[in-house]
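S.K.: Kindly generate the complete structure, drawing on both the sequences and the hints.
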Amino acid sequence: MVATGLLSASALQWIDQLGVLVFALSGASLAARKRFDIVGVGVLAGATGLGGGMVRDVLLGDTPPLALRSVAFMILPAAATLIVMAAHGWVLRVERIVLMFDAAGLGLFAVTGATRTLERGNGWWAAILLGTMSAVGGGVIRDVLARDVPVIFRADSELYAIPAALTAAAATLCWHLRALDAIVAGAIICVAFTLRLLAIRHAWTAPTPRDRMV
Amino acid sequence: MVATGLLSASALQWIDQLGVLVFALSGASLAARKRFDIVGVGVLAGATGLGGGMVRDVLLGDTPPLALRSVAFMILPAAATLIVMAAHGWVLRVERIVLMFDAAGLGLFAVTGATRTLERGNGWWAAILLGTMSAVGGGVIRDVLARDVPVIFRADSELYAIPAALTAAAATLCWHLRALDAIVAGAIICVAFTLRLLAIRHAWTAPTPRDRMV
Amino acid sequence: MVATGLLSASALQWIDQLGVLVFALSGASLAARKRFDIVGVGVLAGATGLGGGMVRDVLLGDTPPLALRSVAFMILPAAATLIVMAAHGWVLRVERIVLMFDAAGLGLFAVTGATRTLERGNGWWAAILLGTMSAVGGGVIRDVLARDVPVIFRADSELYAIPAALTAAAATLCWHLRALDAIVAGAIICVAFTLRLLAIRHAWTAPTPRDRMV
Chain H
1242 MVATGLLSAS ALQWIDQLGV LVFALSGASL AARKRFDIVG VGVLAGATGL
1292 GGGMVRDVLL GDTPPLALRS VAFMILPAAA TLIVMAAHGW VLRVERIVLM
1342 FDAAGLGLFA VTGATRTLER GNGWWAAILL GTMSAVGGGV IRDVLARDVP
1392 VIFRADSELY AIPAALTAAA ATLCWHLRAL DAIVAGAIIC VAFTLRLLAI
1442 RHAWTAPTPR DRMV
Chain R
1242 MVATGLLSAS ALQWIDQLGV LVFALSGASL AARKRFDIVG VGVLAGATGL
1292 GGGMVRDVLL GDTPPLALRS VAFMILPAAA TLIVMAAHGW VLRVERIVLM
1342 FDAAGLGLFA VTGATRTLER GNGWWAAILL GTMSAVGGGV IRDVLARDVP
1392 VIFRADSELY AIPAALTAAA ATLCWHLRAL DAIVAGAIIC VAFTLRLLAI
1442 RHAWTAPTPR DRMV
Chain W
1242 MVATGLLSAS ALQWIDQLGV LVFALSGASL AARKRFDIVG VGVLAGATGL
1292 GGGMVRDVLL GDTPPLALRS VAFMILPAAA TLIVMAAHGW VLRVERIVLM
1342 FDAAGLGLFA VTGATRTLER GNGWWAAILL GTMSAVGGGV IRDVLARDVP
1392 VIFRADSELY AIPAALTAAA ATLCWHLRAL DAIVAGAIIC VAFTLRLLAI
1442 RHAWTAPTPR DRMV
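Residue numbers (the numbering used here), protein chains in the order written: chain H, 1242 to 1455; chain R, 1242 to 1455; chain W, 1242 to 1455.
These are calculated hints, taken from the structure and not from any lab test.
Hints may be right or wrong, so weigh each one.
Since the list gives no way to pick one copy over another, a pair counts as held whenever it fits inside one copy or between any two copies.
Once the Cα atoms are required to be at most 25 angstroms apart in a straight line, the calculated SDA-like pairs of lysine to any residue come out as [claimed, not checked]: (1) Lys1275 - Arg1451; (2) Lys1275 - Val1332; (3) Lys1275 - Asp1389; (4) Lys1275 - Pro1448; (5) Lys1275 - Val1312; (6) Lys1275 - Thr1449.
M.R.: Put into structure tokens, the structure is as follows:
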């Protein structure tokens, strides 16, 4: 979703594009499972792939949002829409690959969202919040539009927002220490990636409120 | 929702106002069918009539949105609220007239949304996206607030977003050809109007994802 | 949610902070009743406490929103999250106290929302709309995220948005009469507070659309 000076390394730019595509695929795929038509598939693809970054940019006052400034950001959700329209079954069969790229996009979006926030002179709290929102916002919009409870709220969902928040916090700390170059950013994203995949494999979930009255 | 140099013709301005009123009536009417109170009727009237244009203006960085700059834009949802509070049955009986003005508003909002986006120096992709969003965004917000699946996503709904997107694309093309005067704009809106009414009459729906596994 | 010149009185600032905390508690508490995990509790706490003011500031073009400019605004939803995670039962037991602070926050947010809008040169209609939205917007976002019908729409809910709108209108009128000092603002907030508590006690509800056909 973002391209900052930090991310000049073309490897990171590729992950960025793959992240948008994979987020868009998750939106398009949910629309197909809900039996929506091509409009629903396209809107959910665009909202999931680009929504988190759009909300971030609007809150930063950085308008029009990055996602509207290049046709590349429109092409990726359009491609996800066509893929799901033509071969939804195929997307379900490669679900594991999608989950892997999603885990890579999760960390990347958290790092770039936090960086964009800091570069505009905002505080560490805003960077952590908007970094996390860049990573998880698209999925929340997807679920609200599809009339689902947001997946990240569910007690039985594997850790997702928490790795994103930890990643945004790590990137914010390194930025303040002037240590956030491409290598450190890549390392943080790798940790987020590993944490997310471990959470899926071992079904790690987040704590829930304690029921008992005190 | 918008009034640009292009739309100096007072006929188009009247359709603009009628479009907001009719969109507001569709929101107010849904609230009445859901048995909401006057607050729900008023919020759905305002969100449906003005929401699409507000989101467009926020994304364009054109704040406060046009809808907040003139009391006229508040009066129309307020009128829709009073009409539905006093005589909801009457609104249901004139549903066909409402659908006709809605079809006129659909095309107009798509044209003016695309034009506003282009006038601010944005690309054709942004114009098509925000033109379409101006036309269909209010309805999506209405459905989300009323806890319905957005109508435009439903496989059994007649074409709505697709005529809006085609209209926005046609207006964008004509704008780039320097051919978008009031007459051409009116012609595009008439085509959108006809397409939408034909879709309703013949129950034309949009394609859905292919189920079979590949 | 706001701190304007008007509200230099530290008593009002305290109510402001308490308002955010109490709104955040209502979001966190709904998340606990829905059995969401800590992510859901935290997101609903933040969205309910800060969402109304964030939407207002984005519409005013006043970005980044006030809620992102000070870490204090993050601490309050974080505190609400921890309270509900540790002792949700306790929050339910003090529900009456929460309702009282909520009623105080309601009026305060409506007054400060209207004032911020007027100070930026907007019309009375925008002030009433954004004042009301500051007060009720967080709750609507909370309900949409939790997949509930917004409480303020429900025919059986006690008056909430209407006292907020009356408060915003009174503040707007006094502002135009150059009479909105801390004492007048406090008086308006007290009237809103009383009206809301009376509505709860006597189960005052808003009118609903008339069913009969005409």
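S.K.: Against each hint, give a clear statement of whether it holds in the structure.
M.R.: Now for the hints, and whether the structure bears them out:
With identical chains, the CA atoms of Lys1275 and Arg1451 are at most 25 angstroms apart between copies only, with a shortest distance of 13 angstroms across copies and 33 angstroms within one. Taking the shortest Cα distances, Lys1275 and Val1332 sit within 25 angstroms of each other inside one copy (15 angstroms), while across copies they are farther apart (31 angstroms). For the homomeric pair Lys1275 and Asp1389, the shortest alpha-carbon distances inside one copy (10 angstroms) and between copies (13 angstroms) are both at most 25 angstroms. Proximity of Lys1275 and Pro1448 under a CA criterion of 25 angstroms is satisfied inter-copy only: 14 angstroms between copies versus 29 angstroms inside one chain copy.
In this assembly of identical chains, the alpha carbons of Lys1275 and Val1312 never lie at most 25 angstroms apart, being 28 angstroms within a copy and 40 angstroms across copies at closest. In this assembly of identical chains, Lys1275 and Thr1449 lie within 25 angstroms of each other by CA distance solely across copies; the values are 11 angstroms between and 28 angstroms within a copy.
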